[in-house]
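Asks: Numbering (the numbering used here), first residue to last: 35 to 362.
Please keep in mind that the hints were generated in silico from the structure rather than gathered at the bench.
Misleading hints may appear alongside valid ones.
Each pair of labels, with its calculated beta carbon distance range [said to hold, decoys possible]:
| id | residue 1 | residue 2 | range |
| --- | --- | --- | --- |
| 1 | 301 | 81 | 23 to 31 Å |
| 2 | 275 | 167 | 12 to 20 Å |
| 3 | 234 | 321 | 32 to 40 Å |
| 4 | 215 | 145 | 38 to 46 Å |
| 5 | 213 | 284 | 19 to 27 Å |
| 6 | 330 | 150 | 33 to 41 Å |
| 7 | 221 | 322 | 35 to 43 Å |
| 8 | 353 | 235 | 31 to 39 Å |
| 9 | 103 | 307 | 15 to 23 Å |
| 10 | 219 | 353 | 41 to 49 Å |
| 11 | 203 | 243 | 19 to 27 Å |
| 12 | 103 | 344 | 17 to 25 Å |
| 13 | 215 | 105 | 47 to 55 Å |
All C-beta atoms, glycine included, are put in the ideal place defined by N, C-alpha and C.
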Amino acid sequence: MPAMSTRIKLGVATAAAVALGAVAVGYAVAAAPSAPPGAAADAVDGTLTLTPGPRLLTITDRHVSSVATADPSGPRTVSSLECLRVYAAAGTGVCLGPKTPWQYQLMVLDSALRPTRTVEIPGLPNRARVSASGRMVSWTTFVGGDSYTASGFSTRTGIVDTRDGSTVMSLEEFAVRRDGRPYRSADVNFWGVTFTGDDNVFYATMSTAGERYLVRGDVAARTVETLKENVECPSLSPDGTRLAFKEAIDADPAKGWRLSVLDLASMRVTATAETASVDDQAAWLDGATLAYTLRQDDGRPDVWSVPADGSGRPVLLVPDAESPSPLT
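With the sequences and hints as input, model every part of the structure.
Replies: Here's what the structure looks like:
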């Protein structure tokens, strides 16, 4: 594993700076050149589908790409579809990409990467997920201008039901129960949705009053309830028993995050062997392994993997790529 000097470094002093740094990364990505770096051996505009198979979906320099799971550092297929975040399951994909140079949209994709639905989204793309069945799609963006935020930035998180077309533009519309009691506050924010197998219940992060909570939500009931503090960007395991998440060191995001796993039955937390700060919503490659993005000193992303049980060590999986999603 490379030395820490070539891995992501902590460069923030406050939680507000974390948000601002994420926005800056979004602008840096938006300004990146369109030709995949070092892709002479790659199949640009090759045949790329979202059909389930032994491949890993990623983004290569703003373009949806895929690599063989058995050889993730080998040649990749790079499509012409431009996205800042991508995810897929059961042949359905979600792309958060540009509509104009300064405006973004969510596109629901079929297995051939053709858009079947578009939704204009505010702010800068940050997170995207698809439920295991392909029915439910979620997104998170950074937005500016909310008066209650010291940094001037907050988040918007929404959900689309691809079957009936119903759309929740912001989870802030949902009723909240914090510590078992009804709760209302203007500073409530959500991010990082992950769906359970029934396409109705989901997990996400909620922030309010300087705290960040794991919440369990119900789409039909339009409710969320808090479960545990200091859990961000949850990602549900294939068997539905564990959540990978980023845990703020000393409960302070300014100190960075430790990639960890929460057992939902015991609520026991296990830190992974990744000691670099992981500011990402990890993906489960299978029931035992996580994939996530780390940025080098110059901002270039790489996809890494690590065992979910705390054993082993981090491994560079796909260089010059981000937003990993196994094609399940």
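Asks: All hints are to be evaluated individually against the structure, with a verdict given for each.
Replies: Status of each hint after checking the structure:
1. 301 to 81: 23 to 31 Å: violated, 44 Å
2. 275 to 167: 12 to 20 Å: holds, 18 Å
3. 234 to 321: 32 to 40 Å: 23 Å Cβ-Cβ, so the 32 to 40 Å window is violated.
4. 215 to 145: 38 to 46 Å: Given about 44 Å between the Cβ atoms, the range holds.
5. 213 to 284: 19 to 27 Å: holds, 22 Å
6. 330 to 150: 33 to 41 Å: Cβ of residue 330 to Cβ of residue 150: about 35 Å, so the range 33 to 41 Å holds.
7. 221 to 322: 35 to 43 Å: Since residue 221 and residue 322 have Cβ atoms about 38 Å apart, the given range 35 to 43 Å holds.
8. 353 to 235: 31 to 39 Å: 36 Å Cβ-Cβ, so the 31 to 39 Å window holds.
9. 103 to 307: 15 to 23 Å: Cβ of residue 103 to Cβ of residue 307: about 21 Å, so the range 15 to 23 Å holds.
10. 219 to 353: 41 to 49 Å: With a Cβ separation near 43 Å, residue 219 and residue 353 satisfy 41 to 49 Å, so the hint holds.
11. 203 to 243: 19 to 27 Å: The hinted range 19 to 27 Å holds for residue 203 and residue 243, with Cβ atoms some 24 Å apart.
12. 103 to 344: 17 to 25 Å: holds, 23 Å
13. 215 to 105: 47 to 55 Å: holds, 52 Å
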